Amino acid sequence: MDFDIKRLGFTLLGLLIVLNWGLLMNAFMRKIGARVARRIGIPWHQPWIDLFKNYSIRSQITHGLMFYLGPIFRLSGGVGIFLFMPMIITGDHWLNYSFQGDLVLIMYFQFFGMLGMALGAGEGGHPYSAIGISRGLSQFTTIEVPLTLAIISLAIQYDTLSLADIVRAQQGGFMHWSMWTNPFATAAGMLAALGTLGHSPFNLVMAPNEIPIGPPTEYHSTFLGVLQSNGAILHVVEAALFMNLFFGGATNWIEFIVKTFLIYFWSVFVGMVFPRFRIEQSVTWFLKVPLVLGVIAVVMFM
Amino acid sequence: MVNPIHIVSIALGVAFALGFLGKRDKLSLGLVLSTLAGMVAISAGWFIHFLNSSVEPLQIFTGGFKPPFAINLQMGLAEATFTLLINVAGFLGAIYLTKELLKTGKNMMLIFLVFILGLNVMVMTRDLFNLFVFSEIQSIALAGLIILDPNRKSIPSGFKYVIATGLISSFLLLGTVFAYYFSGTLNIDFISQASLQYVKGGAVAVFMVILAVILELKPFPANGWALDVYESAHPGIGALVSGIAGTTSLFVLYKLIPVAPFISDILITLGLVSFVASNLLGLSQTNPNRLLGYSSIGQLGLLSATIGMQQLLGDKFIFIALTILISHFFAKAGLFWLSGIINRDDIKDWAMLRKKPILLVLFGVFIFSLIGFPPLPSFFGKWSLIMELSAGNQYMLVTSILIGSFIEGIYLFRWLGYAIKLDFSDLPEFKLNISKFLPTLTWGILLIATGVVASAEMEGLSGLSYWPLIFIAFIYLIDELPIYIKNTLSIAGLAFYSWLTLPELYYTDMLRFIFMGIFLIGGILTLIAGYAYKGKRRGFYPVALIMYAGLAYIIQASTTLEFFFGWELMTAGSYFLIIRGKKSINHALSYMLFSIGGAYAILAGFGITFAETQSMLIASLSQLSNMVPLVFILLAIGFMTKTASLGLHIWLPGAHAEAESDVSPMVSAILLKAGVFGLLLLMIAMGNNPQIATIAYYLGWLGALTALVGNMAAAFQEDAKRLLAYSSIAQLGYILFALAMMSHLGWLTAMYYSINHFLYKAILFLTIGAVVLKVGTHSMYKMGGLIKNMPLAFIAVLIGIIALSGVPPLSGFGGKWLFYNAVIDKHWYFQGIIVFFSGIVAFLYLYKLIYSIFLGQLKDNLRHVTDISLWFAIPIYILIIGIMIISAKPEWLLQPLGKMISQWYPNGALAWNGGLATSTYGYWNGNGVMITIGIMFTTILIWLIVLSRKAQKVKQFNIVYAAEAPQRPETTHQSYNMYAGYNKALGWIVAPKITEFWNMMSDWILSLAHFTRLIYNGNGQRYLIYILGYFVIIYFLVF
Amino acid sequence: MMVDDKNKKKFDNPHYAKREVIGPDGKSFIVDPMNDYFCDARPKVHEPNIIPAVEKFLNWARSKSLWVLGFGTGCGSIEIPPLITPRFDVFRFGIQMRPTPRQSNVFIISGYLSVKTLKRVIRSYEQMQNPKYVLALGSCTVNGGMYYDSYNTINRLDYYLPVDVYIAGCMPRPEAIIAGFNKLKELIREGKGEGANLYAKNFDWYKANQKKIIKDWNMPDYNW
Amino acid sequence: MKSLIDKLGKTFDIKDIVYQRPNLAFVTVSKEHVLNLITNLLDYEGFSHFVLLSCVDWIEDNAFQLTYFLNNPTLKIDIAVRCFIDRNNPTMTSAHHLWKQIATYQRELKEMYGIDFPGSPGVDENFVLEGWDNIPPMRREFDTKKYAEETFFPRPRNKTNDPKEYMKSKMYPND
Amino acid sequence: MTQYLSVEFIAMLTGFLLMVIGVWGIISQKNLLKIVIGFSLFDTGLNIVIVSLSYVKNSTAPILDKAVEVSDAASKIADPVPQALVLTSIVIGLGVTALMLAYVMRMFREKKSLEINSYNELKW
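Chains as they are written, first to last, in the working numbering: chain H, 111 to 412; chain B, 195 to 1233; chain V, 3 to 226; chain Y, 31 to 205; chain F, 11 to 134.
Everything labelled a hint here was simulated from the structure, so no lab data went into it. Heads up, some of the hints might be wrong.
As a list, the in silico DSS-like pairs of lysine-lysine whose alpha-carbon atoms are at most 30 Å apart [said to hold, decoys possible]:
1. B/K1147 to V/K213
2. Y/K45 to Y/K61
3. Y/K32 to Y/K106
4. V/K58 to B/K776
5. Y/K175 to V/K213
6. Y/K176 to V/K214
7. F/K44 to B/K549
8. V/K185 to V/K209
9. V/K118 to V/K20
10. B/K550 to B/K297
11. V/K46 to B/K1144
12. B/K1147 to V/K185
13. B/K510 to B/K293
14. Y/K106 to V/K118
15. V/K203 to B/K1149
16. Y/K106 to V/K217
17. V/K46 to B/K982
18. B/K347 to H/K116
19. V/K29 to B/K982
20. B/K549 to B/K293
21. F/K133 to B/K347
22. V/K118 to Y/K176
23. F/K40 to B/K297
24. B/K347 to F/K122
25. B/K776 to B/K1187
26. B/K730 to F/K40
27. B/K550 to B/K217
28. Y/K32 to V/K213
29. B/K776 to V/K203
Some chain H residues near chain B, calculated using beta-carbon distances under 8 Å [unchecked claim]:
30. D114
31. I150
32. P181
33. F250
34. T251
35. P311
36. N313
37. T327
38. T332
39. G341
All values derive from a computational prediction rather than experimental measurement. Beta carbons: idealized from backbone N, C-alpha and C, even for Gly.
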């Protein structure tokens, strides 16, 4: 692998943009939530302040090595997905390191962070962490079913598993997007997105009221800061994944921001309306309508 | 050469002389023994004589006339063989009965001598009436011998015996007389020349004769009298009845077949009915002698059926009949003798054998001989039998023989399991009498020796070297030495064999190289862990090496016989490995039953192949044109019993979970690959056939469902090893799925998975096994928080689960990537979805595994546990290095694999550009991903260390616990029933329907057995009615 | 009536008593939960950042991001939920509720504290990370309020925990609480919100006061 | 109600009958007969619901008064059985075999008044107080103010005002 | 018709009749001794059948002396072989019967019962 300083520079810049956009997007979403509840809500810069605050906490405790490594795995997972995902399709600058692996790599790299985080939280020894993780893993198994169906449908449609190629195939106008050319896959994928982005009704993992915020119960200060940074990046990157798959990707940062915002807003919007599912409800939910949509999507292109 | 008539004369002379000896019992016994020895010598002399030269049989004319005017005896190779068998058995039987004979005095010795004499004459005579006379003499003598051990039971059973045989011989006499009436002669040869079956009335006469002989063979259901004798008589007598009297009757039957050739067809039916039904009845027996009686009757049924098949089997008839007969002869007598040594009324008490381990070994040899495992003679006999029958398209016969053998396997292995596993501390000590032990031992040795001789007779077995088996025998002989010597020798043996075979295979056959590598290198690595054990570990190394030898034979086999030989050897070895586990008696039994069933399916498949191609080469599978789907299904089922595909998987979890710590990886990571190898061979050979595509399609579905159910079930386990066992089932489901795709990428995936599964499952099983050794429990919820005590084990498990789950950057991801590409390439989307879904379900159990054991709360009693043994850590870390290499440089593995698979599937290969693999759909750079992730991970790690380097290290109860503190680690560790919600949602998928199905099957069979055996109500009269009824029914069936 | 020995209650938690257990290798050993299961290190004083400008910036961030531990200790906790309703909406000021003390900075002692609750309060306070602030609500925390003569309710909170802001009233209305938060923010920005360091500095004094009334002290001296 | 009391009066020595409401009566029996009476009420009169067990400290009479409050859910009537026990030797027979939940009341009384109920499950365990090592706090000889002043670091008061005087001076300074 | 009235036919018929009676006795009688008697009858019947087979009308005993010349022996004498056989058969039948009676004796000594139904402990 040739070392390419220019690519590294652009990638880091992209990471910075994504991080800040993620924080801002989080603020927007919470603001929207507040407005729905007829509150004013947080100031738009609150996420940055929280991040600074958390990094500025003076004391930390650690439960052991894996506890320490957990957030690192988590952030590596988030950043890794970013690295292997093309952000802006035009030109070569914002494709990051997507030439090293395709869609399958991204799909499975999601687990890197989850697994590391689960291990770290597990070493914390808190029963709530384990409960949260068991719920998260349970839910994730079925979320992946419609998502995989949608992806396979796209792979058949575009005859490739390369994300960049999928995006390129959608260029050339609004009507070329998978959303129009493959509406069932889009529907299945976007329903799966509800689960992936982890808002209500699929937020049983964190469930602040019954198992105080689930896996990260024991995480605080800098560890929490790392997790927050990851959350910001991951939300954008996952929205970008759906954008690339179904909504024609992005040709510039403005388009990127608008599209990721709307995709993320979709999950927030649903979350505002629906209460939280119980675990067996959320597990089986993905095996109902989204599964059928995914099957139709695959059958259409078989 | 001594005239064979002197066998009769000296026996008679001594018998009369005994009367003059008065009370001198010891002298009498000496005389009897030397007489028997003399008889042995005479028959042995003739045996050697006939063996060396193809001379005409000797005819002896008593009274100087030729037949039909006088009785004539014949001494040919067959007669010499049988008299030799009879006399040797008689001699050893007398030695065995020394004590009893001395106690009862010289009258009994006289009777014993007369009994042997009668049998000898029955073999030699060519005169029908003479046959009747000596069979009566023999029965009367036997009736006397039955009360050698006079107890309340033996007397009534003797009475039943006398009236039943009396009735039967009356038929014989009647038939004889009428045969004489119609043919004017009593000589068998003349009668057969007279073709009485075409004479009205003559047919009835010979029918009566032949049926009387058949009835002497105790066919089901007219055999209640014989069973009682088996049960009640002294086992030494039982051995004679079952071993030599039965053998003699068989020979007589063989001799008389020309007289009534029309009986052959019905004889096959009668024999097989007897075979299947007796074995079925054996299922519900607990008395060892009666059980052996049922088994005897079954074997006699099989043998008489074989005699009936004389025409079908052609040249092979003698070989087949003789090998099966000899197996029966030695094994049954040996088992009866063992029963006499133990002298217990319940087969569960046979655990007593373990007090004298050599007896257990003999027991095992006898049992394996009855079932037909290599290298014992009946293996070759059954193989040839099936081959020849298939060649004659006698599939019904093949099926019923296999079913009967399978049922026989059920109770024999149940019995063996009892002997090996049940607690024997309550059972009394017993003294091993040399006079009882010597005959048994001789029989065991002779059995193995005849097996070796038989193997030399087989065609298609030339490729196998016996050196590994000799090496194993040597390891067995030094079983008393400490463990490190045996372990080192075993490793050296495997290493030597690897050195011998692997380099050569690398250049000639990549496929075999890879599997040989998995088997042998894997064997070496798992054996290294054996150094961690203390003491002698008796019996472990021979059986482990037998398994490895079997695996190596499978790889090296070029003919189906060699393959099957290796397959059965491996099954036997792994059975003993599995049964060594603590609670594995039932699991080992179910493993064995599935294995036997699978092996018989394979046997049938090979048989059909042989029938068409007349070739034993494995390659001949590809030349098959008829019945391809049937052969494919049979063989696939056989192999899938080893890969534990859904439906055939129920033996696996228990067997793997209860096995010893270093045995689990052997049977999971290594043994299961034998099934994969078999499937690969099968598909390579038959894959081109268009009829296979449909079957492969269903196999694909089966693989996908296996993966789903296996993973789902693993998520709900509380036992760490059981969890891994279910995981193995699922992983083998992936492999089956990938194989069934029958495309380049599919097979690449399968091969990649096979190697990877070997690596990580060996790591996981070894590590968990080592942890289990340290913490003393399998239950995960009883562990927890061990990361601080066992960092080495934790890292190993971490690497193992990352590799298994398919998370980049470790090697498992390669498998997933290949899978996606293969599935899309093959258009198997929905099966693919199930496989991916199950792949994600795998996260559930993987997390549960690592969390419940290493994370969470450390328990009180495990606070001072230390890290896993170094001897386990060494192979584990070698395997980890392997995983790391494959992860960083996947092209080193995938490129040669791709090249190999291109032989069969040239289309759809991956394109390589350095480390970047490109398929039709996607691309993947394992090397680059590894570096990228490594750099990123390190950067973030450094950043966090800079930020929180001063973090306070706290202990396990320093957690936020709703303003309280935890009270006990046990109540704080969230592990038991971890996925309760998931179970509620999707647990129905893993409801144990399949286990229920098999349980229902076994219940049915057992109740059928119980129901059928009610016909033996103990009333002697009823048994006579059965005899008459049998006679009448067969009469109407024949005429 | 004096308490005789027979009636004297055992204060030790039986789960934390030393016990003999048998390991898997058959050797028995003693487990002392208080030492083996809990970290007993003393709290450290964490000095502010040596660069004043940085510390000023960080204090500003801290004051703008006050995460409140959701732990209602007394009747005053009923006044806290209104804070997050549309009417008062403290999110505007960077104040939000956190369910775990690990991630919280502000501990609102909402009203009277029984001795029994005080023990839990101390544990939760010590599990919070430095810097941390205490907001004492209602007259009960000032001088015991209407429970000044109760045998089971403390009078002054500042003997047990370093209090940053007292908010008087029985109970104070949400507006008063917001005012208290504003005061707290001022203090933090001025660099005076060093309660955690104060607690670490005067650890022995606080501990002595706490132990004086908590008779069954069955936890380590500092709950990490 | 009255008929019931009369009926009971034939068997038990009932004193001080108070008809509080049409469906509530207080009766007093001697310490020894309490258990017999409430067993009778439970077994024959249908008072299946145990409501509460409370105690009053009559320090002047040197006695504790225990009240067993029972309810008959079918007739919807209540009866409260009282008894006096010696304050110097406060021991009472446990009734946990009749209703399990009585054990909890008895534990409370043990903690708050020091009344012992031998054999009652968990009677010696903490009920509300943790680590209380003084005399039981609900006994009237326990001076709670003194205890609080000694224990809880009372904040020194700057100035005390009598509310009546203070308000008067504030609102009607001229009077 | 005449053939059915011949001696050998009547002998054979008698023999078979005795055999049938014997078998009936063996399978229907519950008394051990009666079973043995049944067997004995069966045996006797069998022997009569054998003898009847060798009967040749108007022939002499198979003894080669002055009365029968060697040359026409085949046509003059009865078949000697079944006679030899029947002797052996009788001896053997006697032996078997004796053995049975010995067994019956021991069984009776054991249980004081001659009922065959009381000797069915061994079953299944």
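Status of each hint after checking the structure:
For the proposed pair B/K1147 and V/K213, the alpha carbon gap of about 25 Å is at most 30 Å, so the pair holds. For the hint pairing Y/K45 with Y/K61, the CA-to-CA distance comes to about 12 Å; that is within 30 Å, so the pair holds. Annotation: proposed proximity of Y/K32 to Y/K106 holds, straight-line Cα distance about 14 Å (limit 30 Å). Restraint check for V/K58 and B/K776: the C-alpha separation of about 67 Å exceeds 30 Å, so the hint is violated.
Of the pairs offered as hints, the one joining Y/K175 and V/K213 holds, with about 20 Å between alpha carbons and a cut-off of 30 Å not exceeded. Of the supplied pair hints, the one linking Y/K176 and V/K214 holds, its CA atoms being roughly 16 Å apart against a limit of 30 Å. Note on F/K44 and B/K549: the hinted pairing is violated, with a Cα-Cα distance of about 50 Å set against a maximum of 30 Å. Note on V/K185 and V/K209: the hinted pairing holds, with a Cα-Cα distance of about 27 Å set against a maximum of 30 Å.
The straight-line distance between the Cα atoms of V/K118 and V/K20 is roughly 24 Å, inside the 30 Å bound, and the hint therefore holds. Note on B/K550 and B/K297: the hinted pairing holds, with a Cα-Cα distance of about 26 Å set against a maximum of 30 Å. Distance restraint check for V/K46 and B/K1144: the Cα-Cα separation of roughly 11 Å lies within the 30 Å cut-off, and the hinted pair is therefore satisfied. Between B/K1147 and V/K185, the direct Cα distance comes to roughly 34 Å. Violation of the 30 Å bound is thereby established for this hinted pair.
A C-alpha spacing of about 42 Å is found between B/K510 and B/K293, which places the hinted pair above 30 Å, so the restraint is violated. Using a Cα cut-off of 30 Å, the hinted pair Y/K106 and V/K118 is violated, with the two alpha carbons roughly 39 Å apart. Between V/K203 and B/K1149 the CA atoms are separated by roughly 23 Å; this keeps the pair inside 30 Å, and the hint holds. With a C-alpha separation of about 45 Å, the suggested pairing of Y/K106 with V/K217 is violated against the 30 Å cut-off.
Pair hint V/K46 plus B/K982 holds up; C-alpha atoms about 25 Å apart against a cutoff of 30 Å. About 98 Å separates the Cα atoms of B/K347 and H/K116, which puts this hinted pair outside 30 Å; it is violated. Distance check on the hinted pair: V/K29 and B/K982 sit about 20 Å apart at the alpha-carbon level, within 30 Å; holds. Taking the CA atoms of B/K549 and B/K293, the gap is near 22 Å; set against the 30 Å cutoff, the hint holds.
At most 30 Å may separate the alpha-carbon atoms for a hinted pair to count; F/K133 and B/K347 meet this at roughly 11 Å. Proximity of V/K118 to Y/K176 is assessed by CA-CA distance (about 20 Å); at most 30 Å being required, the pair is judged to hold. Under the criterion of a C-alpha separation no larger than 30 Å, the hint pairing F/K40 with B/K297 is inconsistent with the structure, at around 35 Å. In summary, the hint linking B/K347 to F/K122 is supported, as the alpha carbons are separated by about 15 Å, within the 30 Å threshold.
For a cut-off of 30 Å, the pair hint linking B/K776 to B/K1187 stands: about 26 Å separates their Cα positions. Proximity of B/K730 to F/K40 is assessed by CA-CA distance (about 62 Å); at most 30 Å being required, the pair is judged violated. A hinted pair counts as satisfied when its Cα atoms are at most 30 Å apart, and B/K550 with B/K217 does not qualify at roughly 36 Å. About 56 Å separates the Cα atoms of Y/K32 and V/K213, which puts this hinted pair outside 30 Å; it is violated.
Our distance criterion of 30 Å between C-alpha atoms is broken by B/K776 and V/K203, whose separation comes to about 59 Å. A cut of 8 Å between beta carbons decides the hint on H/D114: the least distance to chain B is about 12 Å, and the hint is violated. Hint on H/I150 is violated. Least Cβ distance to chain B is approximately 31 Å, over the 8 Å limit. With a cut of 8 Å, the hint placing H/P181 at the interface with chain B holds, because the nearest CB-to-CB distance is about 7 Å.
Given the 8 Å rule on beta carbons, the hint for H/F250 holds: about 7 Å separates it from the nearest Cβ of chain B. The criterion of a C-beta within 8 Å of any C-beta in chain B is met by H/T251, whose closest approach is roughly 5 Å, and the hint holds. With a least beta-carbon distance of about 15 Å to chain B, the hint placing H/P311 at the interface is violated under the 8 Å criterion. Annotation: H/N313 was flagged as interfacial toward chain B, and the flag is violated, the nearest CB pair being 15 Å apart, outside 8 Å.
Proximity of H/T327 to chain B holds as hinted, the smallest CB-CB distance being about 6 Å (cut-off 8 Å). Contact between H/T332 and chain B, as hinted, is supported at the beta carbon level, the nearest pair being about 4 Å apart and thus within 8 Å. The restraint placing H/G341 at the interface with chain B is violated, with a minimum CB-CB distance near 15 Å, outside the 8 Å limit.
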